[in-house]
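Q: Below are the chains, spelled out letter by letter.
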Amino acid sequence: MIQCPDKLTIQAVIDGEETDIQIIDHLQSCPRCCQIHSEMKDAFTPADNLGSTVKLPAEFLGRLNEKLSPQPFPAAMAAAVIFTLAIFSAYLTNPGYLQWWLSVGITRQISYLIDAFIDLLYISHIVGPTGVIIGLAALVALEVLILNMLRNVEGQINV
Amino acid sequence: MQDLLQDMVKTYGDKIYRLALRYTGDRGQAEDLTQETFLRAYKNLNRFDQDKDAGPWLFKIATNLCRNWLRDNRETPVESLEGFSQMTASSPENIYFKKESEKELALALDSLPQKYREVILLKHVGEMSYEEICKTLDLQMSLVKNRLYRGRFLLRDLLEKGNV
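First to last, the sequence lines map onto chains A and B. Counting in this note's numbering, the first sequence runs from 1 upward without gaps. Counting in this note's numbering, the second sequence runs from 1 upward without gaps.
Next comes chain A alone, as it looks inside the complex (with noise of 0.2 Å):
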């Protein structure tokens, strides 16, 4: 006849972590134990209430795909490119008929912005070609690197 076991050894049988034939023998046949396993298994009832059989909805899987599967071409990245060729062009054109043209209709605090922007069309002129497009050239690869900071998939894991 083994010893009483502890009350963890008693938990372990009744969560199935306990094959002991002879501990399980016991419990059944030691009147005390066989109380204390009871009482046990009666106080772990709230504890059992706990599981459920509730499920993930059925397009979870669907979701989940869409969140991983790969970004078409990003939109903003096309912008860069729209604004990129704009303003390339623009520089080829007469800078004073762009401010015309973009001053149409907008606001008065807009057009100080587009000023500010005329003045640095001016600036190109004088820095030349090769300058703007490897300004812009820099400018473009920042946005893709801030783009690509904010993709949807962010943290690490917190362990």
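Possibly wrong hints are sitting among the right ones.
Calculated pairs, PhoX-like style, for lysine-lysine (alpha carbon to alpha carbon, straight line, at most 20 Å) [what the hints assert, rightly or not]:
(1) A:K41 to A:K7
(2) B:K60 to B:K115
(3) B:K135 to B:K115
(4) A:K55 to B:K10
(5) B:K60 to B:K43
(6) B:K43 to A:K67
(7) B:K135 to B:K52
(8) B:K60 to B:K10
(9) B:K10 to B:K52
(10) B:K161 to B:K103
(11) B:K161 to A:K41
(12) B:K10 to A:K67
Covered stretches of chain A (chain B as the covering partner; in silico rule of three or more C-beta atoms under 8 Å from a C-beta of chain B) [unchecked claim]:
(13) 36 to 49
(14) 56 to 62
(15) 122 to 132
Just so you know, the hints here were simulated from the structure itself, not pulled from any lab data. We put the beta carbon where it would ideally sit given N, CA and C, even for glycine.
Given the coordinates of chain A, work out where chain B should sit on it, guided by the hints.
A: This is chain B only, laid out in the frame that chain A set:
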């Protein structure tokens, strides 16, 4: 790589969702946490040893996300525990009593210290073995057994005394 993740979702998705639901009490939030768990797993799949069981690894991510969620949302929306009110067709009285007892259980669980709650939820909701809980929470076996034991009795006492 996506196939591996899909297998993980099929095996552990429901359990992680239930765990998140126990923490948040809200289906939408629980789904978001479950999705975030798998997104993070996917992002770090190259760091995962595929010869090992994915369960503890996934539950570790999920538990951390749930901890963060609790930190940011101190008040558990116990009223909206619609996730657990999936009752079979029954009388209105039965539905009422089941809903009430579910609410009491959720409140008692919420009152439980975090160290006990985590172990109990992994055991009873995540259906994990002692060994898996040890790996998930980086705890020693004796500590897991003790916390499980104390936590279960504490939960029972909280419910009996209505001290929630």
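Q: Run every hint past the structure and note whether it holds.
A: Structure-based check of each hint:
1. A:K41 to A:K7: holds (12 Å)
2. B:K60 to B:K115: Holds, at about 14 Å.
3. B:K135 to B:K115: Holds, at roughly 15 Å.
4. A:K55 to B:K10: holds (11 Å)
5. B:K60 to B:K43: holds (15 Å)
6. B:K43 to A:K67: Judged against 20 Å, a Cα distance of about 12 Å means the pair holds.
7. B:K135 to B:K52: Distance ~11 Å between K135 (chain B) and K52 (chain B) Cα, so the pair holds.
8. B:K60 to B:K10: holds (18 Å)
9. B:K10 to B:K52: holds (17 Å)
10. B:K161 to B:K103: holds (15 Å)
11. B:K161 to A:K41: Roughly 19 Å separates the two Cα atoms, so the pair holds.
12. B:K10 to A:K67: holds (17 Å)
13. 36 to 49: holds (count 7)
14. 56 to 62: With 4 residues in contact (Cβ-Cβ under 8 Å with chain B), the coverage given for the stretch 56 to 62 of chain A holds.
15. 122 to 132: violated (count 0)
The earlier numbered hint that this structure contradicts is number 15, and it is the only one.
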